[in-house]
Amino acid sequence: MRTIEISFKRVISLILCIAMTMQAGWAIAGKRANAATSQVDPELTVTLPSSIRVGEDYQVSVTTNSDGAVSYDYYTSRGAQLDGKPTSAGNYRVTVTTAETDNFNGATRTVSYEIWKWPSSGNATLTVPATVYVGEDFTPQVTTISDGAQTITYRYNDLEGMPERSEKPTEPGSYLCLLHIAESDTYYECTTYKSFRIIKRTPNLSLTVPNTYVGQTYNPTVTNDSNGTAAVTYRNSNDTLLTFTSTKPASAGTYTAKVSVPETDEYYGAEYTYEFTISKYTPDATITVPDSFVGDSYEPSVTTNSDGTVSVYYLANNSNVEDEQEFSPVKPVDAGSYTAMAVISETDTYEETECSDTFTISKRTPNATISVRDTWAGDACSPSLSTDSDGAGSAVIEYKPVNSPDSSYTTSAPTSRGMYMVRATIPETAAYLGTSCTNTFEVKLRPAAAAVTVADPFAGTTYTPVIATESDGLSSAVIEYKEKNAPDTTYSTTQPTSYGSYMIRVTIPETARYEQTVGLADYKIVYLPAPENAYDLSGTMGNNDYYTSDVEIKAPEGYSISTAFNGTYGASVTYSDDLKIVYLKRNEDGALTAAVAVEKRPLIDKVVPAFSDSTGSSITDGSSLFSDSLLVAVKDDNLISLKVNGDVIDLASAGSVLTLTPGNGTRKFTIEAEDIAGNSSTIEFILKAEWLRDRIIPADLVLPLDSAESYNLDSGSWTVSGDGTVYNGGGQIFVRESGDYTFSRAG
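Going by our numbering, the sequence shown opens with residue 2, and the numbers climb by one from there.
Hints are computed from structural coordinates only; laboratory data are not their basis.
Calculated lysine-lysine pairs in the DSS-like style (CA-CA distance at most 27 Å, straight line):
(1) K118 x K86
(2) K555 x K601
(3) K332 x K364
(4) K689 x K636
(5) K483 x K525
(6) K669 x K644
(7) K669 x K636
(8) K169 x K195
Input sequences plus hints: build the corresponding full structure.
Structural data, given as structure tokens:
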């Protein structure tokens, strides 16, 4: 500690500085420069809402720094004072006054404003039916918030200049309904309108006439809600030149009935038509003809409830033209399929009708059998046919595979292996029907053998097996592989490339001449010998044979490298302490080596030294810290050099944990650290004594004070070293000159 002598002038400066600070409430800058007090004019602002409506509560907003009481006076626009805050429509003034106090003068502000009536137009709705029928009463509906008097009038044809009347119109036409709401104390006046029409009703008119038969009684059904009288008339639908008549039709035909109703005072006129039919009866009729053989006698049987004449006609079913002109009354006698048709003529009571039946005159069916002996592929077939038909000499022999559709039959004898059917088709003759017969036989394939060999390939390469066989199916051979001792269910067409012992199976499918055959063989896949220099190391070299970056293990020229056998190969892989082996692949053919031991173990240090405080938190470069004693830990497993403000720290004796102190003031520290690999870090920060956190001066310490800074002195009496004056505390202080000072409590 050094002793400071304070001259008379310096003591006076310090006393004046402390006295002025205490007079301003210990603030750095006071509002007045002398100790005398006086009143000031206050700030006073008065605002009201931009829009105020009748009956609406509103507030006068006052902003002031005066501590005087605030009063409000309200006046009309002509100056008449009101008892309280107005709420009815009109123009007003409000005067706001703040009372005089010890600190502030009194103040007055006057603001003019207006209270508006509520509009009615946006809140008034007139509802009138868009369409009113003649004779139908209606009442306009008014919805409004206004309490003004309402007047409803009507104007014809929605035209300007037409007179308005209070009576509701009743005649057909277009009208306007007008609503006028008079002004009241609370709401402005408004007018609105709705257009509407008065129209006649369209009658709900309908007509139905039942379909009927000749001689039956019928009556039309009419629906009509008009007060006009409906009339029904008729005409033949097929003759549009005929006029409608009130006479009801009775003969068979199609007719149109029309109902008409005239226009009245309340309804429009209308018409409605409906078509109906008067029909003859349709009789029931059936005909049956028995099947027979050529030469047999047969008769048709007809049953009907009609009294018309019955005629029977015949038509061969192989006719391409199926109209009545092809039918003949002559009974057929030749073999074939026929249709018999009975025609019953029309009478007064029944329509003409017809009915039909199909029958057959047949030939006899012969007996027939056919057989073929089983044979080898390529041998000729020798079918044997037996039949009682005289058409055997014209029989057609055909073949197809078993279970194939009949459409696949061909006259060519089969030559491929398989089960086949033979069919003989015997044509029809004068005495017999055509017929066919079938049988099955087999065409067999010749057996074959197969052999396969594989030279021992390198792991990772592809290879081609050598196959020998007499079968002509070699081009379609299926080659499969499995591990030597694995079950046969593991055979796969995927060719193995990994080291080991394997089995190969070649399956040659059957062909047109040979059966399927299989060949088996075992073989080995061996590793490619690794080159003498199997890899090199690559990375950024630091100090002391350390790498300061990731280290890459590079493959030699012509090879790729991977950390897994048959894995992803590339020019290099990243070194790690856990990596014990690598694998190489020869690029020209993909051959793979066995595992190559990683015996070169490089030294790697990529971590730069780090700085943290006693809590483990990082220290930020350029930061300011408060502490009377700060522990700084320098973390790096390979730390080799440490400097504080240029001074070298002996790591062997002092270690890497630093204790830094700012004394009683502020000190700047620069810490430099470097590890064995050459990684370095530098940090700069400001360390301040704890009392500078709140700047409250502690007693009895030599303190370096700055004339450009302000400090705080606790309440009570204080002395300063070198000066016998007693000072009052409790506020901010300043020193005239920077230097070391010691403050002590007096008494």
